[in-house]
Amino acid sequence: MSTQLVLYVSPGSALSLKARRNLDAVLAGYDRGVVSLEVRDVTQDALKAEEDRVVFTPTLILKGLGVSGAWVVGDLSDHDTVVDLLRLGGVERPL
Amino acid sequence: MSGSVDKIPTTVPGLDRLTLGGLPVGRSVLIVGKAGSGKTILGLQTAVSFVRQGVPTIFLCVEESPADMVETGDALGFDVSGAVTSGKLRLSDATRPMDGPLVVSGEYDLSGLVHRVEALVKATGARAIVLDSATALFSPQPPPEVVRSLFFQLVHAFRKLELTAIILAEAASGEGTLTTLGVEDYVCDMVIVLRNIVDGERRRRTIEVNKYRRSAHQKGEYPFTITARGISIFPLDAGAPPPPADAARYSSGFSGLDTMIMGGLFRDSMVIVRGPTGSGKTLLAGLYARAGAARGERVIYYGFEEPRSILLGNYETIGMPMAEFVRAGNLRVECRYPEALGLEDLLVGIRSGLEEFDPALIVLDSISSIEHSASEKSFRQFMIGLASLLREHGKGALFTQTVTGGAAEQTAPYLSTIADAILALDYNTRGYELERTLRVLKMRGSAHDTHPYRLSIQAGGLRVEPHAIRPGPVVRATGVLSGLSVLLVEDFADARETATFVLEQAGARVRAVPDAAEAMRAYRAAAPDVIVCDLGLPDEDGFAFLERVRASPGPGARVPAVAFTAWGQPQDRVRGEQAGFQHHLLKPVEPGTLVNTVARAAGRAADQAPASTRS
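Those sequence lines, one after another, are chains A and B. Heads up, our numbering is the position in the first sequence plus 142, with the first residue counted as 1. Heads up, our numbering is the position in the second sequence plus 1044, with the first residue counted as 1.
For reference, chain A alone in the conformation it holds in the complex:
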């Protein structure tokens, strides 16, 4: 079972760039076969953003963690947030 991460970003947003950079750093240690990442531009994927009830950007949604998902709002400057959510969902960083 894989965990799917979806990061909603806005074009031309410094916070969104920062979130991508932070997320890349966090995920560097994970097996990308277990943890996948999709980045969605809210201007391109507005309907999907609506489905996912995205209000703020950047927003990271963690799907496939058991039955529930998790929403992280912000530029992910606190790396441990994502690591902890993955761990709670049973996904450990192998390294």
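Mixed in with the good hints, there may be bad ones.
[What the hints assert, rightly or not] Label-pair ranges, simulated between beta-carbon atoms:
(1) B:V1190 with A:P153: 35 to 41 Å
(2) B:V1148 with A:V176: 22 to 28 Å
(3) A:E180 with B:V1148: 19 to 25 Å
[Unchecked claim] No more than 25 Å apart at the CA atoms, straight line, and that leaves these computed lysine to any residue pairs for SDA-like:
(4) A:K190 with B:A1111
(5) B:K1166 with A:P153
(6) A:K160 with B:V1148
(7) A:K190 with B:V1148
(8) B:K1078 with B:D1112
By construction, these hints were calculated from the structure, which means they are not laboratory data. Just so it is clear, CB atoms sit at the ideal spot from N, CA and C, and this is done for glycine as well.
Please arrange chain B on chain A, whose structure you already have, making use of the hints.
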């Protein structure tokens, strides 16, 4: 203040009167209220109205899911599901995900929502948006500077998209800021505040337009209610212009009163009939209602003083049966106890009565019962709301009001402002008799007789008798009656005093008495030169009195006598002549006519040409 703001009506009953036309097109409107104050209902009602006006609208659901909003709206009869199906109303889900944790890590902005709205506007052509609510959107609440910047971002985006935006927000508990977020009102062009006050045992809702950039608006709090059909506001601008001078008049149902007000009440005017208990207010209200019904108009009579069966029974007893009009369907009699009903609910009932039954006239008997069931403030709001409602619908109304003593001064100024006509009923106790009076205190836009008239209650209604002396030129102290002794018999104190004054001015010595028994004593004590005698007296009538005088021994029995009366029928004159009256003066009379008639009766030459002779 300029009228340059482009406005879109909300069609929420009463609201467009407060905002003088509606909400500012392409601008943001903040609706502030506590939980349960009706914000969401107002937002939804307005959204559906926009859709009906052909304006596609987005409703951003942050507090409740779109499914819940559809249910809420449909239950209120807004047909939200129909609006959604038509594609003109788009409910967009922005509720917080509840199926997992939401964690904040670092900084963020509202671009996600803004882009969603942009996409929706592109897809639906939306020109309006409702955000329910800003408070829920920023929960848990970020630091104030973050909220401020995010909110500005949102309002700016709405503005750029040329959306008429309605933003709902939770009211703050304390003083200081309007909302819990404390920033929204600065960036919105208009702020509407909803309040929910517990007043005694009742809930009282008010709405206030707190701010409207570049537009005038009605200031202050206005009562509103949430009915099965949504929000209904009662604008208070009851001080409507007076009726035009050529306005149609109609009978008050009481011909004597019609005479006093120069032909009848104006169409669509509001009349307050005030007086103490037992002064005849309900009778007058009944005459008014029956006259309307008899003309074939529709009338609603709201009775707050007794149950319907008793009210109808009382009218039956005094010879004013209502049953035929009730049966014919043009008189509706509704009796209720205002205590059992909030004032807003009562107003709503009256409004729906006006809309469904479309009466020409309504009667409220009495507004004092309503007054006693509420605080002064909510009664004031009720009355002004009611007046405004009646003006809006162009209806005539009669309100009875119970007052005790000093009736003219007792009423709050706003009631006098509301009323186009004010009638005062009163009585004085004189021995075993009640002396009733009716006085027209006010009749907007019309001449009227300001003097009290004597009122009598009789089978089938009321009767008035004019005051004895018509206002006229002051009688010069000519001395035409100089040296004459006059016995004046008049039971109506006001008339007695005025006539005494007029006769004394002309030089007469006047002995004034209120009834036949005293008149007889006075006559026996000193026979007068002239008797001036009212015909309707409390003990025996003037005919009987004069017959006894004529039958008494001595030369005094041939004393000249003037009947001074409101009884003007030919048979009254004939009876007067038979009883021995030489002159018959029909009230009201000019002062000069009274003096001249007495002079002629005494065999003196009159020295004043009366303006009109009614003798």
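Hint check:
{"no.": "1", "hint": "B:V1190 with A:P153: 35 to 41 Å", "result": "22 Å, violated"}
{"no.": "2", "hint": "B:V1148 with A:V176: 22 to 28 Å", "result": "26 Å, holds"}
{"no.": "3", "hint": "A:E180 with B:V1148: 19 to 25 Å", "result": "22 Å, holds"}
{"no.": "4", "hint": "A:K190 with B:A1111", "result": "19 Å, holds"}
{"no.": "5", "hint": "B:K1166 with A:P153", "result": "18 Å, holds"}
{"no.": "6", "hint": "A:K160 with B:V1148", "result": "15 Å, holds"}
{"no.": "7", "hint": "A:K190 with B:V1148", "result": "21 Å, holds"}
{"no.": "8", "hint": "B:K1078 with B:D1112", "result": "19 Å, holds"}
Taken one by one, the earlier hints fail for this structure only at number 1.
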